[in-house]
Amino acid sequence: MKMFVCIKYVPDTSEAEVKVNPDGVTVDSARFSFDINDADNYAVEESVLIKEAKEGDITVVSIGPKQSDVMIRMAMAKGCDQAVRIEDDRIATHDPLMVAKVLAGAIKGQEFDLVLTGCMASDDGHMSTGVALAEELGVSHASMVKKVELLDGKVRAHRELEGGLLEVVELELPAVLTIQTGINEPRYAPIRGIRLAQKKELKVVNLDELGVDPAVVGLDASKVVLEQLYIPEVESSAEFIEGEAEEKAEKLASILVKGGLV
Amino acid sequence: MGNILVLAEHRQGALRDISYEMMAIAPGLAQDMGGEVTVLLIGSGMDELAKKMAAFGSKVLVVDDPLFEDFNADKYQKVLSALIDDLKPAVVMTGHTAQGVDFIPALAVEKNLPLVAEVVSLEYADGTLKATRQLYSGKVNATVAFKPADTYLVTIREGVVEPPDASADGAVEKVESPLKDDLPYRSFVEYIEAEVGDVDITQSDILVAVGRGLKEDKNLPLIEELAKAIKADIAGSRAATDAGWIPHDRQVGTSGKSVKPKLYIAMGISGAFQHVAGMKGAKTVVAINKDPEAPIFTVADYAIVDDMFKVVPKLTEKLKELKG
Chain P
1 MKMFVCIKYV PDTSEAEVKV NPDGVTVDSA RFSFDINDAD NYAVEESVLI KEAKEGDITV
61 VSIGPKQSDV MIRMAMAKGC DQAVRIEDDR IATHDPLMVA KVLAGAIKGQ EFDLVLTGCM
121 ASDDGHMSTG VALAEELGVS HASMVKKVEL LDGKVRAHRE LEGGLLEVVE LELPAVLTIQ
181 TGINEPRYAP IRGIRLAQKK ELKVVNLDEL GVDPAVVGLD ASKVVLEQLY IPEVESSAEF
241 IEGEAEEKAE KLASILVKGG LV
Chain A
1 MGNILVLAEH RQGALRDISY EMMAIAPGLA QDMGGEVTVL LIGSGMDELA KKMAAFGSKV
61 LVVDDPLFED FNADKYQKVL SALIDDLKPA VVMTGHTAQG VDFIPALAVE KNLPLVAEVV
121 SLEYADGTLK ATRQLYSGKV NATVAFKPAD TYLVTIREGV VEPPDASADG AVEKVESPLK
181 DDLPYRSFVE YIEAEVGDVD ITQSDILVAV GRGLKEDKNL PLIEELAKAI KADIAGSRAA
241 TDAGWIPHDR QVGTSGKSVK PKLYIAMGIS GAFQHVAGMK GAKTVVAINK DPEAPIFTVA
301 DYAIVDDMFK VVPKLTEKLK ELKG
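Residue numbers (the working numbering), protein chains in the order written: chain P, 1 to 262; chain A, 1 to 324.
Since the hints were made in silico from the structure, they are not lab data. There could be a bad hint or two in this list.
Cross-link-like lysine-lysine pairs, in silico, DSS-like; alpha carbons within 27 Å at most [to be verified]: (1) A:262 x P:258; (2) P:258 x A:280; (3) P:251 x A:323; (4) A:320 x P:147; (5) A:130 x P:258; (6) A:215 x P:258; (7) A:320 x P:251; (8) A:78 x A:215; (9) P:19 x A:130; (10) P:19 x A:215; (11) P:108 x A:314; (12) A:280 x A:231; (13) P:251 x A:130.
Computed Cβ-Cβ distance ranges for the label pairs, DEER-style [claimed, not checked]: (14) P:232 x A:218: 21 to 27 Å; (15) A:191 x P:32: 36 to 42 Å; (16) P:87 x A:260: 35 to 41 Å; (17) P:30 x A:244: 45 to 51 Å; (18) A:260 x P:192: 34 to 40 Å; (19) P:70 x A:171: 55 to 61 Å.
To give a feel for the contact side, a few chain A residues facing chain P, derived at Cβ under 8 Å [as the list claims (entries may be wrong)]: (20) 74; (21) 103; (22) 108; (23) 161; (24) 167; (25) 173; (26) 189; (27) 260; (28) 292; (29) 305; (30) 306; (31) 311.
From the three backbone atoms N, C-alpha and C, an ideal C-beta is built for every residue, glycine too.
Here chain P stands alone, though its shape is the one from the complex (with noise of 0.2 Å):
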């Protein structure tokens, strides 16, 4: 099983505030850690899963900065062989169809069974990159996927739809996959394989050494502009109960047992 996964870094701002900077087009993010997104953490632990079962190779393939480069090693210490990070500003990341691009970039020419990668970044949330991707590479696909089931030269895809039906297609190999959070449970890194991570290769590359003309995936060549970004006003009619910690708590269970409601 040859196979790439696509993974991207990501801030972590489920309990932060997020700001705007003054360009209006990006976030502050210098305040949040980052790290692999949810969904692509996901699709390395199926990617290694897959290698585990069926041996294989799997190529990290990542578009980021250098600071990145630590949780490109990580998905190598979980069983990763080999990586690819793209390091080009002239990328108009705001548009997944230019990141498709990019990505096809780094896998077309090469054989492959596989492209795993997450159904949904956690920032941006297009969940259109890996089914763009497909397209670009001239293979099947399957979005938001629960369970990998693997026959000879096909793969069984159990999509999550709504309300938690699962629609089961059939999928002739090479395809590419999105891959849903919850299929499997991520392992930490071992420490023999944070080691043995250090080894394997990282190439780094910009748009020119991996054969992508930055003119088709650059902002001139993306067919939408992100003008404004701002924060959606919180209309809420909630009453914020205030005091100590422990103060509100009292609050909340009174106005719950006055108002009948438990």
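With chain P's structure known, arrange chain A on it following the hints.
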């Protein structure tokens, strides 16, 4: 002409809500763009569903063929691709759903057309189509402008508008399938229904729900204590079920259950759209979250901005005391 082609979505014999919701968005936009709305239905045995969609007053095109017995992303892509060539719509609109996301990005690449995904609103002014969408789980909004193109592709987020009245009488027209044969590289196998667990949270009176803020499963007893004190069932966001803290059949949200308890206490849940869609039917919502900007507060009746680990133990203690 600024015509809009709306792909109506259906599954297992029924139209999905997003099909109706798009009919609240498309007609106004078509008017601004100087065109008309055409609804497209792809399937097998579509007469009933076509009639339902025609009730919104727009023309309904039906590709009715046994080839489309089940949804197949690749077949849908082929049909849309051919119809874009024929009809030259200014906008192709689909749901941002498990169906829409499975083929629209590929269609965009194939036809070299611009795409903005998971759109919450659209505006057309001075010849430019602009879309609003959300980033960072709803913490940031983005305005995205399309550069001029023959056809714009958009996928619409579910549940952002109410469906309009449907009492009109639009025309239904059958069109021959542009696709003649099955595709060898992708086939539908079966549907598998969601697993059923020990507690049906859609029937619960009180739910205490946890999200990513729980941090690890050793913190679960804190929630269990609270649930026990007020005879509540425990539910979770996607993050909590993915992490294995809460069983999957207790996931609240678009990919899980839609619940409507009398009381819903959300703890350490930021309130991404996908979660809120599943719990906005709750009568009273209490939200506890560290981030004052957390979207969960937009649907809360009572809000506490604080660390759940500081609030919940005291809350449990006080509730026990008051309830005797």
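These are the hints, each one checked on the structure:
A hinted pair counts as satisfied when its Cα atoms are at most 27 Å apart, and residue 262 of chain A with residue 258 of chain P qualifies at roughly 15 Å. At roughly 23 Å between alpha-carbon atoms, residue 258 of chain P and residue 280 of chain A fall within 27 Å of each other, so this suggested pair holds. Restraint check: the Cα-Cα separation between residue 251 of chain P and residue 323 of chain A comes to about 14 Å, which is no more than 27 Å; the hinted pair holds. For the hint linking residue 320 of chain A to residue 147 of chain P, the alpha-carbon distance of about 43 Å lies beyond 27 Å, and the restraint is violated.
About 48 Å separates the Cα atoms of residue 130 of chain A and residue 258 of chain P, which puts this hinted pair outside 27 Å; it is violated. In summary, the hint linking residue 215 of chain A to residue 258 of chain P is not supported, as the alpha carbons are separated by about 32 Å, beyond the 27 Å threshold. Distance check on the hinted pair: residue 320 of chain A and residue 251 of chain P sit about 14 Å apart at the alpha-carbon level, within 27 Å; holds. Distance restraint check for residue 78 of chain A and residue 215 of chain A: the Cα-Cα separation of roughly 45 Å exceeds the 27 Å cut-off, and the hinted pair is therefore not satisfied.
With a C-alpha separation of about 23 Å, the suggested pair residue 19 of chain P and residue 130 of chain A falls inside the 27 Å cut-off, and the hint holds. Of the supplied pair hints, the one linking residue 19 of chain P and residue 215 of chain A holds, its CA atoms being roughly 24 Å apart against a limit of 27 Å. Only pairs whose Cα atoms come within 27 Å are accepted, and residue 108 of chain P paired with residue 314 of chain A is rejected, the gap being roughly 58 Å. Between the alpha carbons of residue 280 of chain A and residue 231 of chain A the distance comes to roughly 21 Å, so the proposed pair stays at or under 27 Å and holds.
Restraint check for residue 251 of chain P and residue 130 of chain A: the C-alpha separation of about 45 Å exceeds 27 Å, so the hint is violated. For residue 232 of chain P and residue 218 of chain A, the hinted distance range of 21 to 27 Å is not satisfied, since their beta carbons lie about 35 Å from each other. A C-beta distance of roughly 39 Å is found between residue 191 of chain A and residue 32 of chain P, which places it inside the suggested range of 36 to 42 Å. Between residue 87 of chain P and residue 260 of chain A the beta carbons are some 49 Å apart, a value that contradicts the proposed interval 35 to 41 Å.
The supplied range of 45 to 51 Å is broken by residue 30 of chain P and residue 244 of chain A, whose beta-carbon atoms lie about 33 Å from each other. A C-beta distance of roughly 50 Å is found between residue 260 of chain A and residue 192 of chain P, which places it outside the suggested range of 34 to 40 Å. The given range of 55 to 61 Å is respected by residue 70 of chain P and residue 171 of chain A, whose C-beta atoms sit roughly 60 Å from each other. Checking residue 74 of chain A against chain P by beta carbon gives a least distance of about 7 Å; that is within 8 Å, so the hint holds.
Using the Cβ-Cβ criterion of 8 Å, the hint placing residue 103 of chain A at the interface with chain P is satisfied: the shortest such distance is roughly 7 Å. At about 6 Å, the closest approach between the beta carbon of residue 108 of chain A and any beta carbon in chain P falls short of 8 Å, and the interface hint on this residue holds. Below 8 Å, beta-carbon pairs count as interface contacts, and residue 161 of chain A has none with chain P, the closest being about 16 Å; its hint is therefore violated. Checking residue 167 of chain A against chain P: minimum C-beta separation of about 27 Å lies over 8 Å; hint violated.
Among the interface hints, the one on residue 173 of chain A is violated; its C-beta lies about 29 Å from the nearest C-beta in chain P, farther than the 8 Å criterion. Hint on residue 189 of chain A holds. Least Cβ distance to chain P is approximately 4 Å, under the 8 Å limit. For residue 260 of chain A, the interface hint is violated, the least distance from its beta-carbon to any beta-carbon of chain P being 15 Å, above 8 Å. Evaluation of the residue 292 of chain A hint against chain P yields a held restraint, the C-beta minimum of about 7 Å falling below 8 Å.
Here the hint on residue 305 of chain A is kept, as its CB sits about 7 Å from the closest CB of chain P, short of 8 Å. Proximity of residue 306 of chain A to chain P holds as hinted, the smallest CB-CB distance being about 5 Å (cut-off 8 Å). With a least beta-carbon distance of about 5 Å to chain P, the hint placing residue 311 of chain A at the interface is held under the 8 Å criterion.
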